[in-house]
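Line by line, the protein sequences are chains A and B.
Numbering of the first sequence is given in the working numbering, commencing with residue 14 and proceeding in unit increments.
Numbering of the second sequence is given in the working numbering, commencing with residue 129 and proceeding in unit increments.
If you are wondering where the hints come from, they were derived from the structure by calculation, not from laboratory data.
Be careful, since some hints might not be right.
[Stated by the list, open to error] To give a feel for the contact side, a few chain B residues facing chain A, derived at Cβ under 10 Å: (1) His-145; (2) Glu-261; (3) Ile-273; (4) Arg-305.
[Claimed, not checked] Computed footprint of chain B on chain A, listed as stretches where at least three residues anywhere in the stretch have a Cβ under 8 Å from a Cβ of chain B: (5) 20-33; (6) 40-46; (7) 51-60.
All figures in this text were calculated on a predicted structure; none of them were measured in a lab.
Glycine included, C-beta positions come from ideal geometry on N, C-alpha and C.
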Amino acid sequence: MNYHEEIIDYMHDYLDEDIKPEHKEALRDHLHTCAECRDYFHEMKKAVALVQSTSHIKAPDDFTSRVMAQLPKETKTTGAKR
Amino acid sequence: MDALIKERINQVLKGDHNAFGEIVELYKDKVFQICFRMLGNRQEAEDLAQEAFVRAFVNIRSFNIQMKFSTWLYRIATNLCIDRLRKKKPDYYLDAEVSGTEGLNMYSQIASDMAKPEDEVESLELQETIQVEIMKLPEKYRSVIVLKYIEELSLKEISEILDLPVGTVKTRIHRGREALRKQLRHL
Chain A
14 MNYHEEIIDY MHDYLDEDIK PEHKEALRDH LHTCAECRDY FHEMKKAVAL
64 VQSTSHIKAP DDFTSRVMAQ LPKETKTTGA KR
Chain B
129 MDALIKERIN QVLKGDHNAF GEIVELYKDK VFQICFRMLG NRQEAEDLAQ
179 EAFVRAFVNI RSFNIQMKFS TWLYRIATNL CIDRLRKKKP DYYLDAEVSG
229 TEGLNMYSQI ASDMAKPEDE VESLELQETI QVEIMKLPEK YRSVIVLKYI
279 EELSLKEISE ILDLPVGTVK TRIHRGREAL RKQLRHL
């Protein structure tokens with residue numbers, strides 16, 4: 014276990030798409046030579062991919078009508094109560 | 129999209145309630161998704177997502193038309209979720225029975241939403257595992273991870289939604305990502 018903290022910072026910057034070109038080059042060069050950091054980077058990208066893979070859940074069919082039923086009426090005295 | 133939303137907002141401001149329905153239709157899945165990923169419970173997510181829209185409607189006059197509507201709406205939803213999480217202990221996990229539904233937990237509720245039966249089983253289990261891991265994140269990391277990776281928002285938008293400096297958002301994303309790396313590496 015020999016992770017390189019500076020390199021890990023670059024990994025985050027890379028994943029944020031906010032990495033300086035020279036850091037990107039340093040990251041690439043380092044990953045070529047360091048298996049630990051390579052594994053680390055792989056695990057990080059895998060975690061991100063797994064989290065992204067969850068993103069398809071839909072609101073129930075009656076969602077909009079239920080919201081609309083809860084909106085207060087025009088006249089303030091008849092404020093809708095659920 | 130933005131022009132359409134602005135037109136609908138103007139109609140709502142003039143007293144046309146139905147125009148708000150179109151706004152709800154456009155954003156309901158996104159808002160529901162934020163609430164579900166934050167809270168991990170469908171029923172609660174639905175309640176809070178509806179509450180978010182009701183609040184948006186009631187406060188529509190305070191919306192600054194120069195701003196992106198989704199940013200404002202997501203801020204309302206995220207704040208509701210954060211308030212809810214802070215008020216209660218994190219007791220809503222997948223195994224918890226949904227109140228008022230005998231023997232029905234979230235597994236079966238998710239399952240009923242999925243169309244394809246056979247090849248979905250494995251991915252369904254994976255989905256549940258990932259949600260459990262997301263729920264293990266402290267709320268301040270969970271919110272940035274949900275906004276970044278599930279809603280696919282930029283750091284700037286996330287900073288506006290959470291009212292935090294971009295640097296803080298970045299730090300939290302890094303910490304959240306580190307935590308998820310450790311939690312998900314063995315999958």
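How the hints compare with the structure:
| no. | hint | verdict |
| --- | --- | --- |
| 1 | His-145 | holds, 6 Å |
| 2 | Glu-261 | holds, 8 Å |
| 3 | Ile-273 | holds, 7 Å |
| 4 | Arg-305 | holds, 6 Å |
| 5 | 20-33 | holds (count 4) |
| 6 | 40-46 | violated (count 0) |
| 7 | 51-60 | holds (count 5) |
Consistency with the previously given hints fails for number 6 only.
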